[in-house]
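**Student:** Single-letter residue listing:
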Amino acid sequence: MSDVHYYKGLAKSMMFTIILVSFAPLFVVVLIAGYQYSVAYEEKVEAHLRELVLKHDQTINAYLEEKVAEIRVLAEVIDLGHLANPEGIEALHQALVQGHGTDFVDLGLIDDHGIQVAYSGPFQLQGVDYSGEEWFRAVQQHPVHVSDVGLGLRGVPHFIIALRMDAGGKRYVLRTTLDFIAFNRLVEDIRIGETGMAYILNRKGEFQTTPRRDMAAEVPFLKGMAESMAESGDRAAMTIMDNPATGLETIFVTSPIKGGDWLMVYQQDTADAFATLNRSRNLAIFILFIGGVAITAMAVLTSRRMARKVQKADAAKDIMNDQVIEAGKLASVGELAAGIAHEINNPVAIMVEEAGWIQDLLEEGLSKSDNEREVQRALNQIRTQGARCKEITHKLLSFARKIDPTVMSFDLNELVLEIVELSQQRAKYANVIIETSLGDGIAPVKASPSEMQQVFLNLVNNAIDAMDSGGGDLDVITRQEGDVVAISISDTGCGIPQANLSRIFDPFFTTKPVGKGTGLGLSIIYGIINKMGGTISVSSAVGEGTTFTIRLPAGRVDDTDTEEAA
Amino acid sequence: MPARILLVDDERGFVDTMAKRLENRGYTVGVAYDGPQALAALDGDVWYDVVVLDVKMPGMDGNEVLKIVKADHPLVEVIMLTGHATVESAIEGMKSGAFDYMMKPCNLEDLVSKVEDAYDKKQAHENKILEARARHIVLRRGD
Chain A
1 MSDVHYYKGL AKSMMFTIIL VSFAPLFVVV LIAGYQYSVA YEEKVEAHLR ELVLKHDQTI
61 NAYLEEKVAE IRVLAEVIDL GHLANPEGIE ALHQALVQGH GTDFVDLGLI DDHGIQVAYS
121 GPFQLQGVDY SGEEWFRAVQ QHPVHVSDVG LGLRGVPHFI IALRMDAGGK RYVLRTTLDF
181 IAFNRLVEDI RIGETGMAYI LNRKGEFQTT PRRDMAAEVP FLKGMAESMA ESGDRAAMTI
241 MDNPATGLET IFVTSPIKGG DWLMVYQQDT ADAFATLNRS RNLAIFILFI GGVAITAMAV
301 LTSRRMARKV QKADAAKDIM NDQVIEAGKL ASVGELAAGI AHEINNPVAI MVEEAGWIQD
361 LLEEGLSKSD NEREVQRALN QIRTQGARCK EITHKLLSFA RKIDPTVMSF DLNELVLEIV
421 ELSQQRAKYA NVIIETSLGD GIAPVKASPS EMQQVFLNLV NNAIDAMDSG GGDLDVITRQ
481 EGDVVAISIS DTGCGIPQAN LSRIFDPFFT TKPVGKGTGL GLSIIYGIIN KMGGTISVSS
541 AVGEGTTFTI RLPAGRVDDT DTEEAA
Chain B
1 MPARILLVDD ERGFVDTMAK RLENRGYTVG VAYDGPQALA ALDGDVWYDV VVLDVKMPGM
61 DGNEVLKIVK ADHPLVEVIM LTGHATVESA IEGMKSGAFD YMMKPCNLED LVSKVEDAYD
121 KKQAHENKIL EARARHIVLR RGD
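If you're matching them up, the sequences are chains A and B in order. As numbered in full-length UniProt numbering, residues 1 to 566 make up the first sequence, in order. As numbered in full-length UniProt numbering, residues 1 to 143 make up the second sequence, in order.
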């Protein structure tokens with residue numbers, strides 16, 4: 001049945017509404033807040049990494065500069081001749097070790113041929129020829145040179161600070177080796193998360209510090225990067241690209257140090273750097289998902305329950321409507337009964353009088369004059385009046401049958417005549433003259449005859465009530481208007497004020513004093529006419545009268561089952 | 001002297017038979033089938049003592065007739081006759097001066113006794129008026 005579809009549709013639309021209304025703000029909040037949060041977080045992380053790298057490149061630059069400065073001071077204050085003999089250089093080295101710990105691994109003096117003429121340190125490097133070394137060539141051009149890290153002759157990673165000294169027309173080079181481990185620690189200590197690490201590359205892309213893990217695979221890539229970065233020379237430049245070695249998106253923060261010779265690189269997998277962010281995002285997605293499931297489940301359950309409740313309420317309303325119609329019917333029957341009781345009272349009173357008359361005559365004796373004929377007349381009168389009673393009760397009974405909502409085709413004019421006849425007595429006492437003008441050839445109407453009876457009786461009763469003081473004319477007119485059958489009930493009564501005109505079909509609206517009217521009549525009529533697919537309209541002028549017009553769709557002519565006459 | 005009764009009702013069969021029965025009991029009875037006829041009868045030659053008046057009549061209803069009767073013939077007593085559904089209007093009638101009311105259909109004996117009561121009341125009334133007039137004349141003489 002369509003009802004089932006209606007309630008299913010209702011449940012569905014409720015469900016979608018609940019889901020939409022619950023989800024939309026959730027989504028918007030999650031998207032906006034999530035976006036803002038991630039942007040802010042990423043900015044913070046990036047700023048932090050930049051800061052970290054900036055701080056460290058400064059530290060390393062400062063470290064290198066400090067070492068160079070120390071050596072330079074030494075070179076300036078120390079007498080070269082004193083330095084050239086082993087005790088002298090040994091004493092200087094000792095002083096350095098005392099002052100700076102083990103940073104200065106060894107100290108050596110090299111003449112202009114590249115031969116180490118004096119040496120102090122843990123290795124046996126006296127007399128070694130450095131003339132072929134790159135740093136030696138470099139120091140010929142610049143007064144100070146800090147070399148790349150290399151294994152050198154000793155086979156241990158280290159780097160060298162070389163200082164050119166000119167004394168007595170001869171050119172010497174003071175060379176010291178710096179502890180790679182101490183230097184390495186400066187960089188190695190930068191560790192963040194799982195994959196965050198820092199290292200230093202030279203221009204050729206060679207590692208100057210020991211990375212935390214084997215990065216042999218990344219060397220060609222890093223070399224390319226080192227070259228491009230060195231050119232730009234920006235401090236703490238950040239790039240995010242896919243690391244070809246690991247295939248993961250990686251953040252690279254690079255900063256040139258040692259005057260651009262070296263490149264400090266900090267790298268971390270994006271996923272690792274933004275691990276907290278990702279965790280939050282996953283949590284948000286998880287909550288969204290759980291919330292979504294909960295909302296959907298709730299929406300389904302709630303909407304189904306609501307639809308069931310609406311269905312129950314509708315069913316209760318239908319029952320109530322039927323009861324109200326039945327109550328309205330009873331009310332109009334009551335009104336009718338009051339009129340009819342009076343109508344019946346008259347013949348009954350006549351019968352009682354005639355019976356009393358007969359009794360009187362019998363006491364006198366039937367033989368006296370024409371008493372017998374008089375008794376006959378009285379009996380005839382009783383019979384006549386009895387028949388009158390029967391007619392009235394019959395009419396009443398035919399009306400008071402339970403309302404039968406069965407729709408059938410019937411002749412409207414017949415029904416109108418029936419109602420007019422029922423109301424005639426009441427009208428007579430109210431000084432109302434009922435006139436009917438019934439159109440010819442009116443198509444049969446498809447409706448429930450007993451409901452239509454109620455409609456007409458109500459309207460006729462209302463019309464008579466409206467003319468209560470002084471009486472008037474009540475015209476019932478039926479006519480065919482195309483496919484529609486129209487019935488007008490006009491009175492010449494008090495009329496309905498404009499203010500009340502829009503409310504007269506409201507349930508319980510009544511202008512009658514308490515206890516006189518239920519205010520249901522017209523609302524029930526409205527319901528009945530609507531149900532039959534018809535319309536009811538009213539036009540009224542105060543003091544002139546009111547006309548109710550009902551238009552009903554005409555039934556098909558071939559429907560021949562007319563209602564049985566009462 | 002028995003009471004003179006005017007029966008007013010639109011049901012001819014009812015009033016005619018009742019009139020016969022009352023006449024049979026020795027009363028002088030007149031009938032009227034609606035309000036205007038009843039008023040005409042009261043203005044006519046016969047002096048009626050009691051009017052038995054139906055409340056619900058087409059045209060002019062019993063209460064209207066009652067008001068005119070009470071205005072024009074204040075001494076005439078009126079008994080209202082009503083169906084059950086309109087007891088209120090009968091009570092309204094009593095407020096405007098009816099002697100009593102009776103339900104239709106009524107027992108003739110009850111009606112007769114009510115008519116007698118009303119007649120007694122009317123006579124007592126008339127007697128008092130007569131006495132008052134007499135006293136008035138006496139007083140005048142004493143001047």
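One should not assume that every hint holds.
[To be verified] With a Cα cut of at most 25 Å, we get these calculated DSS-like pairs of lysine-lysine: (1) B/K95 to B/K121; (2) A/K258 to A/K204; (3) B/K95 to A/K512; (4) A/K8 to A/K204; (5) A/K428 to B/K67; (6) A/K368 to B/K20; (7) A/K312 to A/K395; (8) B/K122 to B/K70; (9) B/K67 to B/K122.
Everything labelled a hint here was simulated from the structure, so no lab data went into it.
**Student:** All hints, please: hold or fail.
**Tutor:** Taking the hints in turn, this is what the structure says about them:
The suggested pairing of B/K95 with B/K121 holds, with an alpha-carbon distance near 17 Å, which does not exceed 25 Å. Pair hint A/K258 plus A/K204 holds up; C-alpha atoms about 14 Å apart against a cutoff of 25 Å. With a C-alpha separation of about 24 Å, the suggested pair B/K95 and A/K512 falls inside the 25 Å cut-off, and the hint holds. At most 25 Å may separate the alpha-carbon atoms for a hinted pair to count; A/K8 and A/K204 exceed this at roughly 74 Å.
Restraint check: the Cα-Cα separation between A/K428 and B/K67 comes to about 22 Å, which is no more than 25 Å; the hinted pair holds. A distance of roughly 16 Å separates the Cα atoms of A/K368 and B/K20; the hinted pair therefore holds under the 25 Å criterion. Taking the CA atoms of A/K312 and A/K395, the gap is about 39 Å. The hint is violated against a cut of 25 Å. Taking the CA atoms of B/K122 and B/K70, the gap is near 13 Å; set against the 25 Å cutoff, the hint holds.
Of the pairs offered as hints, the one joining B/K67 and B/K122 holds, with about 17 Å between alpha carbons and a cut-off of 25 Å not exceeded.
Checked against the numbered hints above, the structure breaks hints 4 and 7 and satisfies the rest.
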